[in-house]
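Asker: The residues making up each chain are set out below.
Number of protein chains: 2
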Amino acid sequence: MRIPILKLQNYLLISIQVELDDKTAIQFQEDLLNQIYKSGAKGVVIDLTSVDIIDSFIAKVLGDVVTMSDLMGAKVVLTGIQPAVAMTLIELGIHMQDVQTALNLEQGLIKLRQELEG
Amino acid sequence: MRIPILKLQNYLLISIQVELDDKTAIQFQEDLLNQIYKSGAKGVVIDLTSVDIIDSFIAKVLGDVVTMSDLMGAKVVLTGIQPAVAMTLIELGIHMQDVQTALNLEQGLIKLRQELEG
Numbered sequence: 001m002r003i004p005i006l007k008l009q010n011y012l013l014i015s016i017q018v019e020l021d022d023k024t025a026i027q028f029q030e031d032l033l034n035q036i037y038k039s040g041a042k043g044v045v046i047d048l049t050s051v052d053i054i055d056s057f058i059a060k061v062l063g064d065v066v067t068m069s070d071l072m073g074a075k076v077v078l079t080g081i082q083p084a085v086a087m088t089l090i091e092l093g094i095h096m097q098d099v100q101t102a103l104n105l106e107q108g109l110i111k112l113r114q115e116l117e118g
Numbered sequence: 001m002r003i004p005i006l007k008l009q010n011y012l013l014i015s016i017q018v019e020l021d022d023k024t025a026i027q028f029q030e031d032l033l034n035q036i037y038k039s040g041a042k043g044v045v046i047d048l049t050s051v052d053i054i055d056s057f058i059a060k061v062l063g064d065v066v067t068m069s070d071l072m073g074a075k076v077v078l079t080g081i082q083p084a085v086a087m088t089l090i091e092l093g094i095h096m097q098d099v100q101t102a103l104n105l106e107q108g109l110i111k112l113r114q115e116l117e118g
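The listed protein sequences correspond, in order, to chains A and B. Numbering follows the UniProt record's numbering, in which position 33 of the first sequence is assigned residue number 33; successive positions increment by one, without gaps. Numbering follows the UniProt record's numbering, in which position 68 of the second sequence is assigned residue number 68; successive positions increment by one, without gaps.
Now the in silico label distances, taken between C-beta atoms and shown as ranges:
# : chain 1 : residue 1 : chain 2 : residue 2 : range
1 : B       : Met68     : A       : Leu71     : 41 to 49 Å
2 : A       : Met1      : B       : Ile110    : 25 to 33 Å
3 : A       : His95     : B       : Glu19     : 33 to 41 Å
4 : A       : Gln114    : B       : Asp64     : 36 to 44 Å
Please keep in mind that the hints were generated in silico from the structure rather than gathered at the bench. Using N, Cα and C, we set each Cβ at its ideal position, and we do this for glycine too.
Given only the sequences and the hints, what does the whole structure look like? Please build it.
Answerer: Rendered as structure tokens:
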């Protein structure tokens, strides 16, 4: 299955509401990068509110997605990171220092707008 | 699988990017009504851009979702209806007369805002 990517103005919105298995995560990475390319999106909000836990592979894919999107010119904001997910990311040394985060989709979008528009 | 429902301010956004089978459609109906109840959303945009074709059951479920959401106080805008989908809806006599439509998610959101805020 594929994770839907919604386009809203210059932004792409993704809310991950399924358990991410390896195949879905890789497919998501590919779909998102293609969508950034096709749409010329300047920003991406990935909402992880519904993600309770992640393993090392998924954490790496997520970290990579952020770096890759950045390379393609789209700023990523991660939102709704739960405690267990935050712990996994840090424990695995996934470099999220430069990544913007926010409480929820709404706040993420506001953050992107502030950064890109003003 | 479940179709993700994104909450943005007072609105719920849904982009259907999978082929809707009967079970998924019913699950979506239930999830959406629950989300309207929980979030107190005033408007819903359902984007059908990626839906090429629908059968009579799915068409009925979609028609019902619109009426049910309306009953619960949330206005629905359908966006990205493709020709074949429009034909199926009309041929089956699904009553969409009162339903707002728009070209895409963005336009749908603008339409909802105009209707509910101004």
